[in-house]
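Asks: Residue numbers (my numbering), protein chains in the order written: chain A, 4 to 311; chain B, 6 to 415; chain C, 2 to 591.
The set of hints was computed from the structure by calculation and includes no laboratory data.
The structure presented is a predicted model; accordingly, all values stated were derived computationally and were not measured.
By construction, the Cβ of each residue, glycine as well, lies at the ideal position given by its N, Cα and C atoms.
Be a bit skeptical, because a hint or two may be false.
[Claimed, not checked] Cβ pair distances, simulated, as ranges:
1. B/T162 - C/G318: 36 to 42 Å
2. B/Q310 - A/W60: 51 to 57 Å
3. C/A137 - B/K315: 44 to 50 Å
4. C/E60 - B/D363: 29 to 35 Å
[Said to hold, decoys possible] Which stretches of chain A does chain B cover? Using the computed rule of at least three CB atoms under 8 Å from a CB of chain B, they are:
5. 64-71
6. 268-277
7. 280-290
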Amino acid sequence: MSTFLSQIANGLMFGSLIALIAIGYTMVYGIITLINFAHGEIFMVGAYGGLATLTYWVPTAVVAQWYFALPIALVAGALVAMLVAIAMERFAYRPLRNAPRLAPLITALGVSVALQEAVRVFYPGATAAIPFPPLFLDGAFVIPIGDGVVIRYTGVLLIVVSLALAFALERFVERTRLGRAMRATSQDRDVARLMGIDPDRVIVLTFAIGGALAGVAGVLYGSYLNNINIDMGFQNGIFAFTAAVLGGIGNIRGAVVGGLVIGLVRALGGQYLPGGTAYDYVWIFVVLIIVLVFRPQGFFGESERVRA
Amino acid sequence: MSRTRKVATTAALLAGVLALSACSTNREEASGGGGGTCDTSKGTLVIGFIAPLSGSLSALGLGMKNSTDLAVNQANQACKVPGYRLALQAEDDQGTAQIAGQAATKLASDPNVVGVVGTLNSSTAQAAAPILAQKKIVEISPANTNPALTQGDNYATAPNRPNATYFRTATTDAIQGPFAAQFLVQKQGKKNIAVIDDGKTYGAGLAAQFAAEAQKLGATIVTQAKVGEKDTDFSGVITQVRAANPDAVYYGGEYPVAGPLSKQLADAGLNIPLMGGDGIVDATYTQLGGREGDFATNVGAPPEQLPSAKAFIDAYAAAGYPEPYSAYGALTYDAANVIIDGLSKAVGNGTFSDATRDGLISAVQATNLQGATGAISFDQFGDTTNKQLTVYSVQGGSFKPLETGTYTAS
Amino acid sequence: MSTTIDPPVATTAPPVQHTGRFGAVLNAVAPFAKIGMIVGGVLSVLGAFLPWVTFVLNEGAYPERASLNMFVEPFGVSGFRLHITLLGIAAIVIALLTVPAKHRIVRGLGIGVAAVALLNGIWITVEGGGLGAITAADGTIAFGAIVALIGGLVTVLAATSGGLEARPEWEWELPWWVEWILLLVIFALVLLLVAEVLTSGGQGGVVNPYAGVVFLSLLAALSGALSALSASGLLTWVGVVSERHRVFSVVVLLLCALALPFTGAGTEYWMTVASNIGVYAATAIGLNIVVGLAGLLDLGYVAFLGIGAFTAANLSGAAASAVGIHLPFLLVMVISAVVAGIFGAIVGSPTLRVRGDYLAIVTLAFGEIFVRSAQNNIAGLTGGANAIPNIPPVGVGGFQFNDSITIGALRLPSGVMYYVAIVLLVAFVMLVFGNLKNSRLGRAWIAIREDEDAASAMGIRTGPIKILAFLIGAMLAGLAGAFFAHKTAVVAYDSFRFLESVTLLAAVILGGMGTIPGAVLGASILFVLPEKLREFADYRLLLFGLALILIMRFRPQGIIADKHRKAELADDDPEDVAREGPGALPTEVK
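Please work from the sequences and hints to get the whole structure.
Replies: Structural data, given as structure tokens:
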């Protein structure tokens, strides 16, 4: 029993991380129907941006206190990721706005490779994993069920921050003028333009929000696992995309649910399915294929649209 | 308007840069490349090197590369091989078997390559050794510990050397694993041990050797698990380990996984020591999360405590390499010197040709050298006869030697 | 049969009025175009004869005759300085002659000179630690790079100011046997050129620190010469002639490819490089069927190469393989292809329900599942992180493919047989591709690519036909995989990661989707460059990523654009056509 509950907890922690990345995927796809492969790298860049800030620009005495270091790292990570996301939209995707579908997808692959390599080449020591400070209460508490369910504080932080940000974002999209503009643009860009909305601004805003969330996720990931590497973006990015599809692409709440499902599939699959943890990632991809083939609109998606 | 201005600004900037860099050069007086005062009229012979120079294991690989470079430079200064200049050609295998194979093919197709130092991983050696053997190129590894590399797949029952050109200055896991088990079970009194490995030739082999001996000594292997060599989140495995309630964890693999694993074990409330083999002995281990009180075995005696290694450590420091010499520095330095020594014997005052290669192999086989790690010689399988091992423990943030000894079967 | 020489463009062009950003400058230079071109050419040659470096670089003399100048040894120029000399002389000669498209040709030559001078100048500056290396330092002067660069730029400026003519179209028809001989000579020259490019700069490594830049410099010179040739319209004409004698050309090209071992590239190392290129070229052609013809984006394609390779490794008798039986190589190839084909059909089956980029994601997921399973040594078939090492070479009778061959006095290096085999394999794969493309099936694929719903409405059974694309593409990759396993002797999951799929896709796109030579060209470029430019290995992938972005931005149809291709990438966007200018190939379906 305690093993099961522990794995549920593991799954929720990993899942909320994925959810945070998935929001960026789902928003961008919702508005310009682009699978932004490079979004995972934005997440990675955010983690390195946060770490660089702590390592090189903030006095160590300040970093030593988590209640200073955490907000600094989160904001710095979000900012760096946001700026990279905006630059990416401006210089790589916008020129291809009206190009055939394959072009932006391949561009996204190029951006992904280029970002990953840029960090590897230019960030000191990035050829190998780099240690990342915990940024929060280190250690864990135990829920006394059976042998005890261990919950790490950084994991709790991950869940709380992710859900809070997702909730805030949903309110933003539902309640504010800009949010309405985003929804309008995603439904029909041309009509939105007729209504006086500047689609370019909305698209930049979408990339900025998605990038910032990914940056936050990157910093949280670092604090949760205590080391970051340049490969982290690609793999988690694919999982996040899976989550976005699972929840119904374009749907923020769906992305969150999708992320949590992914986390649970991984944790429980690794525990109970044949092959053990070595195959936990495989189950995520299996779920992805099944969902895409049999229910491409996801859990929360509306009626099926032709995607060609 | 703005365009003109932009052009003007660019031009001014460019002019500034030009003015700053104008007429500067990096001219060195003694140009022509490291020949010094020796006669290098017969050309250049290349010592190849294969190890991970990028990726997670690069800390070990770069230390090995620098140590080889040091040996080669010293040989050039001392005119070890009359008439020839020695050059180091370092290939990056990224820790993967396939790329190691390609690197070996590349070196093997270059007629100037006389010997190869490397590899780091046993899995990469499996790929590289046969390719080099086919061209009769001596390969000496300072770090491969899997016994099958020198004694064949049936090393326990019917040892049979697969590649006559393959040697190593490191001792094997058939010794290291049991040595670690004796320490952990007998000296530390751990009776319930969880064994984790990364499934690679080195890690899985070491873990199996450890587990067999530990059970023989009366300990229980409470659970066994595998992790991926590139994993970072071990929460699933740790939940399994936690359920088995061990009092120590033995990990067969390398520090990029072992460090975070140790940290996440502690985070999950498992304040039990993690023990590993030579693959986790690196300064990066503690940076990535390795804890105080973790143990590791390493091959050879600690260089810092060997009088014979002092010259190496001093020369390494004097050469000013950016990276530390790391766990295998001294053994690598010795491996390179074995090749150089063999080469000077095989070439003598003659010239190097393909016919010299057999002589080089026998010269290496007959090595009797006083190296940085002690006396070096090889047995009939190409294994080092120096079977010393050292137990290290993390104290004050880095690995400190606890005790050095030779394995005796229990 | 009469020979008609029909230069279509009037050589005495009326004075051109330049507009645009540099219009004023060009108009000012225009009256001196001819003089300018000659001066530029002379300056280029002069630059080549001046010293280039003020001192011997720390890694050894570069260029070999760094301090050479005209007054010491006028015939001693070699390497890139020889290239500049030749380009410069050609510019002077053509400026004096009356040839059609003269200014355009000279501009190409000038670009070549400028590129070579710039490249080597920058390189010497960086390597020599500052501009002192190419100007004056310690009492030595060496202005060769700067003079040659100015010469090249003057040539370009003068040629452009003279007005760029349209590319002439030659309609010469010679007797068939003359054309045959001509083609033979041209292809032989191409062969020598390929060998020269491949081996230029040598193998690299510590003994030869300048390999990379020598290679790049040759490429720069060649691209200048080629752009001049293409400006003259001769390249297009050769293309027309070889199209006229299609079968003959194909046979001669194949023979030329097989003759590569007899050139300077006939060493073990270059044979290995060429064989690796061949493996990826064959795989890229297979991918070209899926992506280029059927328009189905596959992001996990390299998995089929992996499945073929692991299948072959397991049937090779390698000690580490789980199956441990040894079958003849030809049979192994067939089995590998069939196994890969079966997986191809499985991976392709979701195409029945999924389209567009969702399909791309499904294929990516399959690719990741493959890599992850192979990493975990699934069923003991893949060796996991340990790989399957020690795969024996292909043997026919007592002969091993990695032995060297001696024919009379001629000793061919080991690896030649692999090279010959891979050339035949690539030829076979090209043949399959070419026949399929022009068959009923190929037309069905193209119809699906253009508009799946319309194709379906026209009675094409889209489902099975799409799966067939995956199946055939996967089979070709499986064939290449079997070869790959034996050639490299090690098969590890690491060789089949996502990045490899992206690289293959990039090869197809760079070369030109849906065209036969495109995939081969793309694969050659993408797999030769990293081999030749190991000095820049650290930046390889960074440049690769940026290149992908730039290609998509500026030339999404690739180097060789498919004539029949319309949708997907080569858009019918009017802007696109405008950008291409009148010289571009028609993008409309015939």
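Asks: Run every hint past the structure and note whether it holds.
Replies: Hints, one by one, checked against the model:
no.	hint	in the structure
1	B/T162 - C/G318: 36 to 42 Å	22 Å, violated
2	B/Q310 - A/W60: 51 to 57 Å	41 Å, violated
3	C/A137 - B/K315: 44 to 50 Å	48 Å, holds
4	C/E60 - B/D363: 29 to 35 Å	33 Å, holds
5	64-71	violated (count 0)
6	268-277	holds (count 4)
7	280-290	holds (count 3)
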